[in-house]
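Asks: Assemble chain A onto chain X, guided by the hints.
Below, each chain spelled out in residue letters.
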Amino acid sequence: MYYFFIIFLANFIFCNNWTIDTSYSFINYEGSHPFHTWNGETNDIDFNINCEKEECQMSVSTKLESFDSNNDSRDSNMLYYTESLLFPFVEIKTEFFKFNGQFNQTISTIGKLTFHGISIDLPLNIKLIEVNEDYWGECHFDIKLTEFKVERPILLMMKISDTIKISTKLKLIRNE
Amino acid sequence: MTPILKILIIILLNISFCKSSLTNQLTLSDTLPKNMPILKKIIWGNNGVFRKSFINPESRMKELKIRRNMLQLHQRLALLTMGTLAYQYHTGNEMVNNPQKYNELKNLHMKLGYISFTTYMGAAGLSIFAPPGMKYTQKKLTSNKIHRYLAFIHFTGMAIQPWLGYQTSVAGIEGRFDDREKLLKMHETVGGITLTSYFLAFITTLFK
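These protein sequences, in sequence, are chains X and A. Heads up: the first sequence begins at 529 in this note's numbering, then just goes up one per residue. Heads up: the second sequence begins at 57 in this note's numbering, then just goes up one per residue.
Any given hint could be a false lead.
No farther apart than 27 Å at their CA atoms in a straight line, the calculated lysine-lysine pairs in the DSSO-like style are these [stated by the list, open to error]:
no., chain 1, residue 1, chain 2, residue 2
1, X, K693, A, K195
2, X, K687, A, K201
3, A, K201, X, K591
4, A, K195, X, K591
5, X, K693, X, K581
6, A, K238, X, K591
7, X, K591, A, K157
8, X, K697, X, K581
9, A, K196, X, K591
10, X, K687, A, K118
Since the hints were derived computationally from the structure, they do not count as laboratory data.
Chain X on its own, in the form it takes in the complex (with noise of 0.2 Å):
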């Protein structure tokens, strides 16, 4: 029975009432340059909520190593530019916020996003949406290269855009 009372206690401690299906969820950079633009994407991403009340605070992150934008050489240029072997991850936390459960909502709150070492505090707008019964949460924002010290990759004699896109669309899963 003690060990029991033991096993709910460390799952209630370590687990969360949501959680994501990473088949269907995605994260999802946009870079530009002059001539061309291109996309890359991760599904390996690793989300954590943890809520008291209806107060909560949500961490997203990744390996940067797991986007993929369909060239490697690209890939591994980008890895480079962003010393991934020194700073691997990159992860948004969010201030705490209201979620009452009500979906087809937009929340705005702030997210604290560290990448390349450095942390920023970036204003974000999370649309939760439900359809068919599927939970899905939406942000979509915008960082400078510069501001996290990440020098432009060169292409073709021509630096790539400062600013890089960011979408994220997750399908949410509730714990029952």
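Replies: Only chain A this time, still in chain X's reference frame:
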């Protein structure tokens, strides 16, 4: 097993099932991609040719910086080569279509050949001998793989074009006109294939 140890194991198990990410301490050799191309393995693998020589930077970070610089130079030389090749192709066509211009353009065409061959081989060497990147995909068809497949075509073309050009010229000087016609046709065809595959390889660098 003491109860405290049991509790500790249970908690550890819970953490490992709830948190999928684990932080690994990577060694230098861990950062070498396992699936790098065979040529890179021979040159830069754990027991590669360069690893045992003074060329080995002995630091993956330094190695990646060297790779970045080599590939930047590869791009610049490749652009210069493309311009030179296009101009050389144009002068070659002029020599065929306007025989009266043959003697006027012959030297220029040859000199352009020396330049394009040198810059081409320089660019190819920078790409071939650059240290391995951080990631190599398992996918069979990506823009970068098309870039590499096309390189096999234009590399072959670039390797045989100087010989074909020389043989065409010699056949003309020696009065072997049938041979000259055949060689000229081959020189023209190989030149067209080489330039086209080279241009397509350039275009693949701009694919999404």
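Asks: Would the pair X/K687 and A/K118 pass a check requiring their Cα atoms to be no farther apart than 27 Å?
Replies: holds (22 Å)
Asks: Does X/K581 sit within 27 Å of X/K697, going by the straight-line distance between their CA atoms?
Replies: holds (25 Å)
Asks: Are the Cα positions of A/K195 and X/K591 separated by 27 Å at most?
Replies: holds (20 Å)
Asks: For the pair we were handed, A/K201 and X/K591, check the Cα-Cα distance against 27 Å.
Replies: holds (24 Å)
Asks: For a C-alpha distance cap of 27 Å, please report whether X/K693 and A/K195 respect it.
Replies: holds (25 Å)
Asks: With a cut-off of 27 Å on the C-alpha distance, tell me whether A/K196 and X/K591 pass.
Replies: holds (23 Å)
Asks: Keeping to a limit of 27 Å between CA atoms, is the pair of A/K238 and X/K591 held or broken?
Replies: violated (57 Å)
Asks: Given the hinted pair X/K687 and A/K201, is their Cα-Cα distance within 27 Å?
Replies: Answer holds: X/K687 to A/K201 is near 23 Å, not above 27 Å.
Asks: Given the hint that X/K591 pairs with A/K157, test it: the Cα-Cα distance must not exceed 27 Å.
Replies: violated (61 Å)
Asks: Taken at face value, is the distance from the CA of X/K581 to the CA of X/K693 at most 27 Å?
Replies: Violated, because 33 Å separates the two Cα atoms, which is more than 27 Å.
Consistency with the previously given hints fails for numbers 5, 6 and 7, ordered from lowest to highest.
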